[in-house]
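Student: Protein chains in written order, with the working numbering: chain R, 1 to 339; chain X, 340 to 633; chain S, 634 to 1025.
By construction, these hints were calculated from the structure, which means they are not laboratory data.
Nothing here was measured: the structure is a model prediction, and the numbers come from that model.
Take the hints with a grain of salt, since some may be wrong.
[Unchecked claim] Chain R is nowhere near these chain S residues, computed Cβ spacing over 10 Å in every case:
hint: 1; residue: I734
hint: 2; residue: S748
hint: 3; residue: N818
hint: 4; residue: G820
hint: 5; residue: G822
hint: 6; residue: G845
hint: 7; residue: T928
hint: 8; residue: E948
hint: 9; residue: D965
hint: 10; residue: D1006
[What the hints assert, rightly or not] Pairwise CB distance ranges, derived in the manner of DEER restraints:
hint: 11; chain 1: X; residue 1: H396; chain 2: S; residue 2: T705; range: 51 to 57 Å
hint: 12; chain 1: X; residue 1: A499; chain 2: R; residue 2: F316; range: 58 to 64 Å
hint: 13; chain 1: X; residue 1: G407; chain 2: S; residue 2: K1014; range: 50 to 56 Å
hint: 14; chain 1: S; residue 1: S986; chain 2: R; residue 2: P96; range: 17 to 23 Å
hint: 15; chain 1: S; residue 1: E700; chain 2: R; residue 2: P96; range: 53 to 59 Å
hint: 16; chain 1: R; residue 1: L37; chain 2: S; residue 2: W1024; range: 22 to 28 Å
hint: 17; chain 1: R; residue 1: L37; chain 2: X; residue 2: W418; range: 30 to 36 Å
hint: 18; chain 1: S; residue 1: K998; chain 2: R; residue 2: A163; range: 43 to 49 Å
hint: 19; chain 1: X; residue 1: L397; chain 2: R; residue 2: K331; range: 48 to 54 Å
hint: 20; chain 1: S; residue 1: A940; chain 2: X; residue 2: W418; range: 35 to 41 Å
[Claimed, not checked] Every beta carbon over 10 Å from chain R, so not counted as near; a handful from chain S, in silico:
hint: 21; residue: D718
hint: 22; residue: T727
hint: 23; residue: E735
hint: 24; residue: G836
hint: 25; residue: V933
hint: 26; residue: T984
Each residue gets a CB set at the ideal place from its N, CA and C atoms; glycine is no exception.
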Amino acid sequence: MSDPAVGQQVPDRWTAAVMSWRIKYLLAALSVFVLPLIFNDTYWRTNLTICAINVLLALGLDFILGYTGQLNLGHSAFYGLGAYVSTLLIVKLGVPFWVAFVAGIGFAGLAGMLLSLFAVRLRGHYLAIASLGFAVIVYQILLNWISLTQGPLGIYGIAPPPAVVIAGSVVADFRNLTAFFYLVSGFTFLVYLLLNQLVRSPVGETLTAIREDEISAASLGINCAAWKVFAFVVGSAVAGSAGCFYASFVGTLVPDAFYVTEAFNVLAMVIVGGMGTLIGPVFGAIFLTLLPEVLRGIGDLRLVVYGAALTFVVLFMPGGLIQAAHLVREKLRPGGPVS
Amino acid sequence: MTVTIVLQQAINGVVLGSLYVLVALGLTLIYGVLVQINFAHADFVTLGAFAAYFFMHLVGASYILSIGVAFLVGAILGWMINASIFTPLRRKGNELLPLIATIGVSVMMQNLMLAWFGPIPYAFETQYSNQVIRFAGIFVSWQNVIIIIVSSLTIALLYAFMKFTFLGKALRAVSQDHETAGLMGINQNQLIMLTFVIASALAGMAGAMLAPVLVLTPFAGTSVIVKAFAIVIIGGFGNVEGTILAGLIVGLIESYTTQFLDPGLIDIVVFALLLLMLAVRPTGLISERREENV
Amino acid sequence: MFPGEDKEMITAFRALFLGLAAISLLTVGQTVRAQDKTIKIGALFPISGPGSYFGAQDKQGVELALEQLNKTGVNGYKFAIQYEDSSCAPLPATQAAKRLIEQFKPDVIIGEECSDATLAVMPIVEQAKVPLLNAGSSSIKVTQPGNPWTFRIMPNEVMQGVNLAENAYKRLNARTAALLFENTNAGIGNAQVFKENFTKLGGKVLAEIGFGRDINDFTAIATRVAGLGKIDVIPTYTLEGQGLKITQALAQAGITKGGGGGAIQIGTIWLPFGFEQKAGKAALGYIRIVQFDPTDTRDVVKNFIAAFKAKYNAEPTHLNAHAYDQIMLIADVVKRGGKDAQSIRDGLAATKSFSGVTGSVDFDKTNQNTKMDTVHYMETKPDMSWTSLKWN
């Protein structure tokens, strides 16, 4: 990038860059908006909403894992905490929905901070098992503390967010699946934008430095521990928000939805999508949410195919879908591949 | 009365511990040499149990022979997984990818077993299942005694192998310091393959040993795997003595938590202990490894 | 990080878009075209995961019934079925239900097995105005609110628990109990009901021990029970796999009759015929509620057992029997004039004297079948045979 000479502007390149940035996001927003209009039955709209929730989870985990290299196997714990804290506040204490929503996110973020502070010295597989242990403990608490959480007996009839009423008329009724989808995907979009800004700012460079080589980063004066905790808090808070949406969407809450295997599912989404990129996990989440649904037709063997897909992606395309897209683009580039 | 109960639960705990150690040993071996976690390890155990079951029922062979068959099945599985997943991925240098790949393998295996064997539990009875030894108000079933004996024998054999044979020493060298071992002329790839095969064979054998005790469905392995991971960490990754000690401790925790608290709290206690260990002594109860940046 | 990642976003979005469009075209095009004179039955069963234990057996019962019915049809109608995998959990169950309703458009739905899944599905079928016929979930919440679109032929946890506690106290003279239950909706629910009613009658519950589905060895639990002092009955709520281990462990510890002690294991629901052969001596004296009594002398039961054995070469369990009854009840409603969702719903509600292999059916105003002859008591005799106690 050439430095503009004093008094000289480089309007075209700069404006072009900004314009294309805006257009990209506009296109994305448009495609998301159009989706429930194409898929106009409740089954597919439900799938789309679940995709959006999983995208939230994947983004959160990717921020922790892909951007600071912390191997977090316990993401399901924050998901569950967000869901239960917000739901219990609403159901037991009558707290208004959006207040409970913020509380759920806050609690999940707090839990993430505690785990992270505890584990900040641990590396690699130790952190992995510590986070797994944390997820098991959270699950068992949700399961066994029946007087608080109802445990396996479950909480039923959880209401969707209250309708948005402006000047006496209902603008959005979230019992309508399309409205709910727009709510979740809108929120997800905002989270994506926020994370994208973070990643492209000096913060992102700091995090990358920590991920690549912590010792060198420390020698540059970076407080690695603080940044790692920061990433964990953000990632777990995002997971908490997914939990809040999950509860009010499904309407039923049982601890089994947050068993540790959920953490593995999210991990798969991040890896299959492309760890360390922000757009990768979005596609990974969508792909791995829809794949089992699309495979329903083949009956009993669909989970076998799911497992096989996961294994093969890891073996042959470890950069995930993003790497695949990149390869395809290289092949299709007019004038041959650029070295 | 209370003394008898405490004693009884101690014995129950040792039995449970032996059960977990049998499963966890393979994991420790793999981690020690490969620095990798094989998430499909539990499913090797399950498959070993089924292999033993069908061998016994279809061929009409004896229990001991079917344990041998399970051992072989485990060995073959280990060879396959190492060759197809760990070896190719090792060149890529990412420590996370093989873990994910094994998660995929685990899902595949569980659902294949579900498709082949069905979800209804198989009752694996041997002549030892229902016979009970009683003394001084304490009881142990013969099956559980056998578990303790076989577990101890396996541990003793493994221990001797590690300490006294050349291969065993080579394994320990590789697990302590990859690079130097390579410099000493030890062929790492072959050694890693051997370790994997042995560890998976152990898993298969464990499955056959445990089949009479487990509720035998395709998901049997998952019921023990998470505790097995905890044991491997508490004992010290890659350390056989630590695994044994940790396994026994976890077994005792399980029986005493059942007695004085509630079976539902077992996992919480075990994992709280795990987190405590990680906070206070991350290298585990007994550690041989030189740990970097732990 | 890959260079030019932003460009990938557009390419990938295009690809995703096309992909989703393709998928929607492929799958939406698969809606079943309804023939005239066909009653469409949707089935929500757990087919994958650990709950597939139920789904596999349900399917057997359903297939047998359909085979028999479709030979001649009923009132000129044939029956078509579509299975969807509800995985015994709320979210997959709601997804499966929506898919079923959108694409197959059934006149009636049977399922699910697990209470949480059934409860999650109920609002959906109510909104779609399709009747749901359940024979597997014991939670009282399925019928207590009085949902007009949900019917249950199986006795719920309250019916069973009250009856069991009474029989334990009065017929077995039990005054102390130790509860053993799996940590699921059904396990906890049933145990709670028993405890309430047993203590109301004057009995004492000395311990309530809940355990997870991942417990394989019950020696520790048996030891704890042994240390409680004199126990008269041990209500046990679990599935057959763990149930077998519990019975053996209790016998090994010398607590139950099978091990030389005095306690009687009582329980409900999930132990199929054939349990004794696996448990051996340990099962001696076990008294339990089953929802299918193979020693029942009614013709409909004998014919069912014969037909089931002929088709599958195995003894039917209560899961097979329930599924069979669900289909047969629907056929009975069709015979009485049901032909679409609304008329089938009304026909079900009006059922007064249907005789199924699991017992008779008479729905009360909350659409719960209240006939107590669906609650059969069996006791294991010294020769490992199963005799019906005829307490109802």
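Student: So, for every hint listed, does it hold in this structure?
Tutor: Hint-by-hint comparison with the structure:
A beta-carbon of chain R is positioned within 10 Å of the beta-carbon of I734 (chain S); the least distance is around 8 Å. The claim that S748 (chain S) is not at the interface with chain R is violated, since a C-beta of that chain comes within 10 Å of its own (minimum 8 Å). Listed as outside the interface, N818 (chain S) is inconsistent with that label: its C-beta sits roughly 5 Å from the nearest C-beta of chain R, within the 10 Å cut-off. At roughly 8 Å, the least C-beta separation between G820 (chain S) and chain R is not larger than 10 Å, which violates its mark as non-interface.
Under the 10 Å C-beta cut-off, the non-interface status given to G822 (chain S) relative to chain R is violated; the minimum distance is some 7 Å. Consistency note on G845 (chain S): stated as away from chain R, yet its beta-carbon is not over 10 Å from all of that chain's, at 8 Å minimum. With a minimum CB-CB distance of about 34 Å to chain R, T928 (chain S) clears the 10 Å threshold, and the non-interface call stands. A cut-off of 10 Å between C-beta atoms confirms that E948 (chain S) is not in contact with chain R; the least separation is 24 Å.
Every C-beta of chain R lies more than 10 Å from that of D965 (chain S), the closest at about 30 Å, which supports listing it as non-interface. Distance to chain R confirms D1006 (chain S) as a non-interface residue, since its nearest Cβ pair spans about 29 Å, more than 10 Å. A C-beta distance of roughly 41 Å is found between H396 (chain X) and T705 (chain S), which places it outside the suggested range of 51 to 57 Å. At about 41 Å, the beta-carbon gap between A499 (chain X) and F316 (chain R) misses the expected band of 58 to 64 Å.
In this structure the supplied range 50 to 56 Å is violated for G407 (chain X) paired with K1014 (chain S), their Cβ-Cβ distance being about 40 Å. Distance hint for S986 (chain S) and P96 (chain R): a CB-CB separation of about 51 Å, inconsistent with the stated range 17 to 23 Å. Between E700 (chain S) and P96 (chain R) the beta carbon distance is about 55 Å. The supplied range of 53 to 59 Å therefore holds. For L37 (chain R) paired with W1024 (chain S), a C-beta distance near 60 Å fails the hint of 22 to 28 Å.
Our hint of 30 to 36 Å for L37 (chain R) and W418 (chain X) is violated, since their Cβ atoms are close to 53 Å apart. Between K998 (chain S) and A163 (chain R) the beta carbon distance is about 33 Å. The supplied range of 43 to 49 Å is therefore violated. Taken as a hint, the range 48 to 54 Å holds for the pair L397 (chain X) and K331 (chain R), whose Cβ atoms sit roughly 51 Å apart. With their beta carbons about 48 Å apart, A940 (chain S) and W418 (chain X) fall outside the hinted range of 35 to 41 Å.
At the 10 Å boundary, the C-beta of D718 (chain S) falls inside the reach of chain R, the nearest C-beta of that chain being 7 Å off. A cut-off of 10 Å between C-beta atoms contradicts the statement that T727 (chain S) is not in contact with chain R; the least separation is 6 Å. For E735 (chain S), the requirement that its beta carbon stay farther than 10 Å from each beta carbon of chain R is not met, with the minimum near 4 Å. No Cβ of chain R approaches the Cβ of G836 (chain S) within 10 Å, the least distance being about 22 Å, so the stated non-interface status holds.
With 10 Å as the threshold on Cβ separation, the claim that V933 (chain S) sits away from chain R holds: the shortest Cβ distance comes to roughly 32 Å. Consistency note on T984 (chain S): stated as away from chain R, and its beta-carbon is indeed over 10 Å from all of that chain's, at 27 Å minimum.
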